[in-house]
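Peer 1: Since chain A is already given, all that's left is putting chain B on it; use the hints.
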Amino acid sequence: MDAHREEWGSRLGFLLAAVGSAVGLGNIWRFPYVAWENGGGAFFVPYLFALLTAGVPLLVLEYSIGHRFRGSAPLSLRRLHPRAEWIGWWQVVVCFVIASYYAVIVAWAAAYTWFSVGTTWGDDPDAFFFGDYLAASDAGTFGGFRLGVLVPLVLVWAVTLVILGAGVRRGIERANRVLIPLLVALFLVIVVRAVTLEGANLGLQTLFQPDWSRITDASVWVAAYGQIFFSLSIGFAIMITYSSYLPRNGDLTGNAFIAGFSNASFELLAGIGVFAAIGFLATSRGVPTEDAVSGGIGLAFIAFPEIISQLPGPSGLYGVLFFGSLVLAGLSSLVSICQTYIAALQEKFGMHRENAVVVAGGGTALVSLVYATGGGINTLDVVDNFINLFGIAAVGLVEVIVVAWLLRELPTMRDHANATSDLLLGRWWVVALGIITPLVLGWMLVDNLRLSLAEPYGDNPQWFLLAFGWGIALLALVAGILLSRRSWPEEVPLQRPPDPATPRPEGPGR
Amino acid sequence: MSTSAIVTMVFGMVAIWGGLAASIALTLRRSRATRASSEPR
Numbered sequence: 040m041d042a043h044r045e046e047w048g049s050r051l052g053f054l055l056a057a058v059g060s061a062v063g064l065g066n067i068w069r070f071p072y073v074a075w076e077n078g079g080g081a082f083f084v085p086y087l088f089a090l091l092t093a094g095v096p097l098l099v100l101e102y103s104i105g106h107r108f109r110g111s112a113p114l115s116l117r118r119l120h121p122r123a124e125w126i127g128w129w130q131v132v133v134c135f136v137i138a139s140y141y142a143v144i145v146a147w148a149a150a151y152t153w154f155s156v157g158t159t160w161g162d163d164p165d166a167f168f169f170g171d172y173l174a175a176s177d178a179g180t181f182g183g184f185r186l187g188v189l190v191p192l193v194l195v196w197a198v199t200l201v202i203l204g205a206g207v208r209r210g211i212e213r214a215n216r217v218l219i220p221l222l223v224a225l226f227l228v229i230v231v232r233a234v235t236l237e238g239a240n241l242g243l244q245t246l247f248q249p250d251w252s253r254i255t256d257a258s259v260w261v262a263a264y265g266q267i268f269f270s271l272s273i274g275f276a277i278m279i280t281y282s283s284y285l286p287r288n289g290d291l292t293g294n295a296f297i298a299g300f301s302n303a304s305f306e307l308l309a310g311i312g313v314f315a316a317i318g319f320l321a322t323s324r325g326v327p328t329e330d331a332v333s334g335g336i337g338l339a340f341i342a343f344p345e346i347i348s349q350l351p352g353p354s355g356l357y358g359v360l361f362f363g364s365l366v367l368a369g370l371s372s373l374v375s376i377c378q379t380y381i382a383a384l385q386e387k388f389g390m391h392r393e394n395a396v397v398v399a400g401g402g403t404a405l406v407s408l409v410y411a412t413g414g415g416i417n418t419l420d421v422v423d424n425f426i427n428l429f430g431i432a433a434v435g436l437v438e439v440i441v442v443a444w445l446l447r448e449l450p451t452m453r454d455h456a457n458a459t460s461d462l463l464l465g466r467w468w469v470v471a472l473g474i475i476t477p478l479v480l481g482w483m484l485v486d487n488l489r490l491s492l493a494e495p496y497g498d499n500p501q502w503f504l505l506a507f508g509w510g511i512a513l514l515a516l517v518a519g520i521l522l523s524r525r526s527w528p529e530e531v532p533l534q535r536p537p538d539p540a541t542p543r544p545e546g547p548g549r
Numbered sequence: 049m050s051t052s053a054i055v056t057m058v059f060g061m062v063a064i065w066g067g068l069a070a071s072i073a074l075t076l077r078r079s080r081a082t083r084a085s086s087e088p089r
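Chains as they are written, first to last, in my numbering: chain A, 40 to 549; chain B, 49 to 89.
It is worth saying that the hints were derived from the structure and are not from the lab.
On a predicted model such as this, the values are computed, not experimentally measured, just so you know.
Incorrect hints may have been included.
What the hints assert, rightly or not - A partial selection of chain A residues facing chain B, derived with a Cβ cut-off under 10 Å: (1) A81; (2) L87; (3) L236; (4) E237; (5) L241; (6) Q248; (7) P249; (8) T292; (9) F296; (10) S301; (11) S304; (12) L356; (13) V359; (14) L360.
We treat Cβ as the ideally placed atom computed from N, Cα and C, and that holds for glycine.
Chain A extracted, bound-state conformation:
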């Protein structure tokens, strides 16, 4: 079945790729804000609980599916059960949508790495970002290409496609062996500099001051599960795809613990660096730290340029380190997102890797041009919001419900993980995936649906939300179902293979 399937060169190579996929822009700009907004230091309790009851268990499940069935997400799920294939395609299409705009944010970071050298943004980073750099036009308009976005975007795609074209071991593994240690080293320098700035202690006080009254607030627990779910790259095909390249003796559970805690470790490091810098910003402005806190694009492209401008000494160098870190974190994640649909196309359409990279990667690059226009940031904001809330969260929930309750495959997946791992899974794993994870994800999805229906997202026209928000989220599902209806090439075996680790009777198959 998989005689010619590529494999990771080493366990470290797989772990660096898995961590590189998980550690992305959200670790740097989302976690610190979410932690501060949800009880500060008290947030660590639900966060750790979510890591152990959803993050690591889901990682083990996806590693087991990919490792057991040795295919891209659609093929692995097809081998798990013929009626589960569409979930894999849904995940893959969600990845395609995400890759198309994620590359643009990496391109912004690349441009800002260059701008840092001369602190080009001047005294008003807000006006520079939306006015001079993006020349943002109204929601629903496109307003022509922006050269400052287009040029770095072409470079980002060139690097990404070269890495993907070189293959799993020579491309993805080798790139992550450079990107991840470099990212950690750069970020350590950023954090050490940030905590030695005047006012850093005020920022850290703001982040870590616990508000224990929030611990009984259900929304804080949902936020913790949401952070774990979105930051670990689970529920959207990446981990299934990556684990399918593990050798037969891969230690699945040990790898899941290491990857889960590595991601959390980087988030904590980012929280310390970001809030120490925010403390410095608040002190320079002479305002309370709470007034200087921001997250997302505002933190990276508006607050941080202001911080960089006010730093004593060679401030441009700090900017190069910060935005360079964003580029490294973004590139390693972008590569993993693209790999999901490149692997799926290779298998389903019998394409050579190079052709799949050109067709799928090049196709995504073309679509991403939409976000390099004046209206790009509005489109990106709406697509990102809806595909996260009703793409990733929905497909993750469906995957867990189908595997745990409809197919009742958790025991076989646990057997497989235990047979290949040193750390053995107990009953907690089945309870975590069968009960806790679907309940929390279900709640999150229903709550987000309620909020989105009650109030339109942002100041966007209704047609724009319908087309680029609801429409694209729904299109991902429909495209997933349609792709699953196409037949596989004859040479791709679809039957459920016997498990060499835990031999069982053959299940359903072609």
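Peer 2: Relative to chain A, chain B alone:
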């Protein structure tokens, strides 16, 4: 920084970075043990 903020910061660091160190140490120790037991004598 207040004492409560320092306590939660230390708790977070020990739990998360300690969890990572423990996962790596446990996995490496068991891998070595598995390798040693499978080597021909």
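Peer 1: A separate judgement is required for each hint: does it hold in the structure or not?
Peer 2: Status of the hints after comparison with the structure:
1. A81: holds, 7 Å
2. L87: Holds. Min distance 6 Å.
3. L236: With a minimum Cβ separation of about 15 Å from chain B (threshold 10 Å), the hint on L236 (chain A) is violated.
4. E237: violated, 15 Å
5. L241: holds, 8 Å
6. Q248: Result: holds, 5 Å to nearest chain B Cβ.
7. P249: holds, 5 Å
8. T292: holds, 9 Å
9. F296: Constraint on F296 (chain A) satisfied, holds at 4 Å.
10. S301: holds, 6 Å
11. S304: holds, 5 Å
12. L356: violated, 27 Å
13. V359: Violated: closest Cβ of chain B sits about 27 Å from V359 (chain A), beyond 10 Å.
14. L360: violated, 22 Å
Hint compliance for this structure: hints 3, 4, 12, 13, 14 are not met, and every other hint is.
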